[in-house]
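S.K.: Protein chains in written order, with the working numbering: chain U, 1 to 229; chain S, 1 to 229.
Chain U stretches covered by chain S per the calculated footprint, using a threshold of three residues with CB under 8 Å from any CB of chain S:
| id | stretch |
| --- | --- |
| 1 | 54 to 65 |
| 2 | 137 to 147 |
One side only, chain U facing chain S, incomplete, derived with CB under 7 Å:
| id | residue |
| --- | --- |
| 3 | THR104 |
| 4 | SER108 |
| 5 | ILE109 |
| 6 | LEU111 |
No lab work stands behind these hints, which were simulated from the structure alone. Note that the Cβ used here is the ideal one computed from N, Cα and C, for glycine as well.
Protein chains: 2
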Amino acid sequence: MERKRAVILVSGGLDSATILSIAADAGFELCALSFDYGQRHRFELQAAKRVCQATGVSQHVVFPINLSAFGGSALTSDLPVPKDREETELSSGIPVTYVPARNTVFLSIALAWGEVLGAYDIFIGVNAVDYSGYPDCRPEFIEGFERLAGLATRAGIEGDHHWKIHTPLISLSKSAIIQRGLSLGVDYSLTHSCYDPDSLGRSCGRCDSCQLRLKGFAEAGVDDPLEYQ
Amino acid sequence: MERKRAVILVSGGLDSATILSIAADAGFELCALSFDYGQRHRFELQAAKRVCQATGVSQHVVFPINLSAFGGSALTSDLPVPKDREETELSSGIPVTYVPARNTVFLSIALAWGEVLGAYDIFIGVNAVDYSGYPDCRPEFIEGFERLAGLATRAGIEGDHHWKIHTPLISLSKSAIIQRGLSLGVDYSLTHSCYDPDSLGRSCGRCDSCQLRLKGFAEAGVDDPLEYQ
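This is chain U alone, in the form it adopts within the complex (with noise of 0.2 Å):
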């Protein structure tokens, strides 16, 4: 039998590392769509496609868009990336690191290659436990990009597939995330999720990613693989 397909976001940061492989343990053909924004470095996109090679995509396709051409973002543009923040601060307002309409502008790209494929299944990694201050990590959001799909494309006109946004890790804490994933078999020894590494790579340890990441991986009882700074 044929399997279905999926589209999945994959960053190369933790969270698609594992959303990669609830996909592909859910049975799914994975379809693997990154994202060239115009990041500040380009360790990413490595990781996303050595994440890729290991949970043995069908297809990775990294797409270039240029959001950095509007700026307003610490991740777009040359606004400095905040380090050592405390905790209270982590989870107050909307950081500088959130890019504007940013998963909005992936999920709409996610739509478009599925509508090509045939895949009606997305996957995206957002979670409103970490990035409660971002707009598009809410499952409010998520509910309204999946209505949104259904009006916005050929299977919404003919009614005969029904469009599923995945967000397996939505409400789920870093360190639940690591031990789901390292039930799964994830190797997180090939992702990056640091805002600001040095020229070798390496995560710095204090910026937001970092942070929570290093929490993730403390209260999970594990030891992160990462080398830091």
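With chain U's structure known, arrange chain S on it following the hints.
M.R.: Then chain S, alone, in the frame of chain U:
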């Protein structure tokens, strides 16, 4: 007083030239957005530039996005463009010129730029009369996207701005669009509509888009200023 900014999607066609003038007439500062999305020819983008210059936009971004990476449409692949179709064919089913999820992708990118600009008004020249077969030209889709915009962005969380997707042409016939544009001084000789022009950029007069345009001018009782092959 500072004028409110709007993002206007400008393809270079008749409809987008008209909405640009409608937005100018409504008093908006015009931020024009065009897409270089792997169209089969460049005349569309040249027309977009001409129209923007003539209308006095404050900025014009041509955003590269390679939707032809996925194929699936006659406009972005080497599928043949249909010619000389009867009117009944023009209005039945989803045409091969439909580009999967195109308007979702375009509006998402407009949303990203709008959020950076502080421009919460987006104009798009969709039409549900002539393009009744395109899922993403229907009012339900536009309303769905407007709801999503509120959920997807900083404005959606902070609640201080309301996104509005303007579709002033959605229920107008082509001749009514032309009459509205002419009343606002639109110079339609600057626009380009043909899906399959010759190497000099002259319109074929036979594809769906040319046929709709010519019928519109005929019904408006005005000569089309374009040169046809």
